[in-house]
Amino acid sequence: MPTPTVAALPFYLPQSNEVELFERAWRHRLPLLIKGPTGCGKSRFVQYMAARLARPLHTVACHDDLTAADLVGRHLIGEGGTFWVDGPLTCAVRDGAICYLDEVVEARKDTTVVLHPLTDHRRILPLERSGEQIEAPPSFMLVVSYNPGYQNLLKGMKPSTRQRFVAIQFTFPEPALEQQIVTGESGIDEATAAQLVALAGALRRLKDHDLEEVASTRLLVYAATLIAGGMDRIAACDAALVEPLSDDAETVAALREVVHAFFDRG
Amino acid sequence: MEEQVGAIWHRLITRWADDRDPAAAVALAPQQSRLALLFRALGGDPGLRIESADATTMNHRRRWLQRLAGSHQQVVLAWLDERALRLPAVIDHLPSRDLNWALYRWLVALAAVAPWQPRHWLAGNLARTRLLLQRFPGLRESYQQLLTAHLSQRPDPATLPPLEGQRERIIQAALQQPLLEIGGSPTIGEPLALSEPTIWNRSADNEPLLSSALAMLKHRLDPVEADQLTIDLLPTAPRAATPLPLWLHPAPPRSQGDRVPLSDSEGDQGARDSAAQEAADQRRRQAQRVEQPEQERGLLALRMENILSWGEMVSVDRSLDDEEDLQRAEQMAQDMEQLAVARQQRRTASRLRFDLDLPAAASDDLPLGGGILLPEWDWQRAALRPRFCRVQPLLASDTQPQPLPPHLRRSAHRLRQQFQLLAPARVWHRAQPEGCDIDLDSWLRHLTDRAAGHNVAADRLYREMRSGSRDLACLLLADLSLSTDTFIDDERRVIDVIRDTLLLFGESLAATGDRFAIYGFSSRRRDPVRLHLLKGFSERYSDHVRGRIAAIKPGYYTRLGAAIRYTTRLLLEQGSGRRLLLLLTDGKPNDLDQYEGRYGIEDTRMAVREARRAGLEPFCVTIDRRGNDYLPHLFGSGGYVVIHKPSQLPARLPLLYARLAG
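Chains as they are written, first to last, in the numbering used here: chain H, 1 to 266; chain G, 1001 to 1662.
Hint data in this document are derived by calculation from the structure and do not stem from the laboratory.
Positions of the beta carbon are idealized from the N, C-alpha and C atoms, including for glycine.
Take these hints with a grain of salt, some might be off.
From the derived model, a few chain G residues whose C-beta atoms are all more than 12 Å from chain H [claimed, not checked]:
| id | residue |
| --- | --- |
| 1 | ARG1062 |
| 2 | PHE1136 |
| 3 | PRO1238 |
| 4 | GLY1597 |
| 5 | ASN1628 |
Computed Cβ-Cβ distance ranges for the label pairs, DEER-style [claimed, not checked]:
| id | chain 1 | residue 1 | chain 2 | residue 2 | range |
| --- | --- | --- | --- | --- | --- |
| 6 | G | VAL1090 | H | LEU9 | 40 to 48 Å |
| 7 | G | ALA1651 | H | SER130 | 53 to 61 Å |
| 8 | G | ALA1651 | H | ILE124 | 56 to 64 Å |
Using the sequences and the hints given, assemble the complete structure.
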């Protein structure tokens, strides 16, 4: 497995004290849990912090077939018999890197149990299969994230796992901040960015009532990027903000009306 | 002959006077859900529904031809009240379809931009329009077009008597003012920040917002006219101003929930007579409002030769009628093609009590004992009222075991087969002592263990495909209120459909082996809420259960919140990983007390949220065609389904379950 190296500092605008909190958690060797809706900047934040702390970042996108072996490592059959290959978690522990498990609730519950000895005062990773026990260096940090939205309620995190983390809640940024983010990411003009953010605010009001997931900052940046690239504003909003939010024809038509209220056809 | 000529003349002159184009008409009903979403997105209260507004009579100046035809007296304007945003059922007075549709959107936006405040008609609408045009540049162009079309329909102030002309000039200036402020051609580059407050507070008077709007307007008027204008006064004139369909209603008819103090200023805005008129009931059937005949009560109002059929209106004063036989009255009402109802100006005592919104003594001070006490959500206080409802679980005692009724046997057979296939998916079981395939992981592990010098037994190296068990419990809660007694076709009532549905649901689920229970409920105020046990979780689905289901009867009302809270508790006692709460209803939550309307809706919404927070999956299946109006608010967009043909319910529900459980 190729070892990630320290990346250049990506664009990130702090919302509140999250940068300080992350740094403190890292310094005191505490694992961190980030909660927040899709596309509000969780992954970008971790990327940014890894670059800021000059640590390599190992990211694992969790899914429901992820086994403990996928995280820790496994034996493979080679010519002279079998040999051991480290998984991303083991790699990160050995390197003293930051290991980021994205959407951790998607992983099977028994899988997350391998994290337990790493997240308490022991900070060790026992490799059951090879009998090895790796002690995490001080620079190692475990970061997990999940989206506590409605559809994941059934897959909520086990309390015993959740209790082992320092937690932080992410929400969509304040309008002024979000406008800066949209401008910074796409290079669009201020006024259009402000309109896009206001439109996102209107769409977010429909949460739970008409939409299960609402317009994320990421989708806003997509829309802004399309507009900055010369696309018609309404067409760009259609492609980036309306169609991704619903499959229901009636809802899509109604969302278009909302877009038309914010952008004139001209 | 005389009559025929009269009828022809009437038709002719009405058509002549009618400047509306039927091809350009846009109806509210098909667009309702779209407009509702727009309303919520632009900041409207998500608890409000969209309903069609009633017409109000205004004594505004009409054109000669319209006066001759006796038309255009009734005007339908939009307004907001405590329960709903009311929009005209059809908009057809603008020359094109696009414009009429644009007017719907404009009215929705106008209502959504700020909470409802009934006072200060002119300043309020002006301030709303300014806010809208500043916040939503996409509406500028369409307002421009609407305004151009509307101004061409307004009278020329010069042709009116002086007082009315003055008022007309102010109104026209007020309509144009907001567009002039943003500088004509709408562009995106407009600065959004306003120098004055843009937050419209529900409780405060918002004077600054209104007076700044007025101050801008006064700049454009000549000093004499400007002096006439204060925050809530327009120059008075004997006739009302020409109606303003671009603005909200100057003096909306009051609905039952409203408690708006009557202020004189409203009447001055031209529709004093309409303020007294009350007309806010939902139109449940084709209704015709007639003027209250002016004669002493009890006298036969019509000459005998005028009575053409049974459907003719007979004036009967029922204002103090004590007859309680509502069922008979309802039946008679259903037999009539048209209902003619006139409103009296006076109110009866019972009506007064309702308006004060006090709970009746009987429902308030009764000490509750026995049963299970559950809280209820009071949305006005935003707090739970603890131990407020008593739920009484009931078990029918005198039912006989019954087999499945013959007319359901075929569909039951088909469903059973489908559901056996659907029974929990087969999965690979790994590390089995024997199986159809080698489990590579186990084998590899075995080899590495041996290579490492461990002495391990060569067992559990195989894998096998077997069916697992589904970790799911489902509770079906059926509404057995009195409304299920209505007929859906010539033979069957709603309750019959529900009975068939419960039976087929039971047959299907018994085939899968999933854990399930069936309950029915109805309520009579908050004590008791009756919960009929039809099948418990631990009970086998047998002829006893079928007998109980066959014996269900409609009764009482729908206090949905308490029933949901009770069944939530039952489901939580089940140890399953997934817990599904299926609700089967035919209408909105309601009860005899304040549970009707917003209170019931908000309590139910809270109960659903509590269930969701507890980790259940509530899902609602309804046959109420109007379900789309309120169910998104209760269950979220993906949390319910409306079945338009009730007769399909028995076949659809098991399939729905399969989708939810799958």
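Going through the hints against the structure:
The non-interface label for ARG1062(G) is consistent with chain H: the shortest C-beta to C-beta separation is roughly 34 Å, beyond 12 Å. The beta carbon of PHE1136(G) sits about 4 Å from the closest Cβ of chain H, which is not more than 12 Å, so the claim that it is off the interface is violated. Against chain H, the non-interface label of PRO1238(G) holds: every CB pair exceeds 12 Å, the least being about 39 Å. A cut-off of 12 Å between C-beta atoms confirms that GLY1597(G) is not in contact with chain H; the least separation is 19 Å.
The non-interface label for ASN1628(G) is inconsistent with chain H: the shortest C-beta to C-beta separation is roughly 9 Å, within 12 Å. Range check, VAL1090(G) to LEU9(H): about 60 Å between beta-carbon atoms, so the 40 to 48 Å window is missed. Range check, ALA1651(G) to SER130(H): Cβ separation about 57 Å, and the 53 to 61 Å hint holds. Restraint check, ALA1651(G) to ILE124(H): a C-beta distance of roughly 58 Å satisfies the suggested window 56 to 64 Å.
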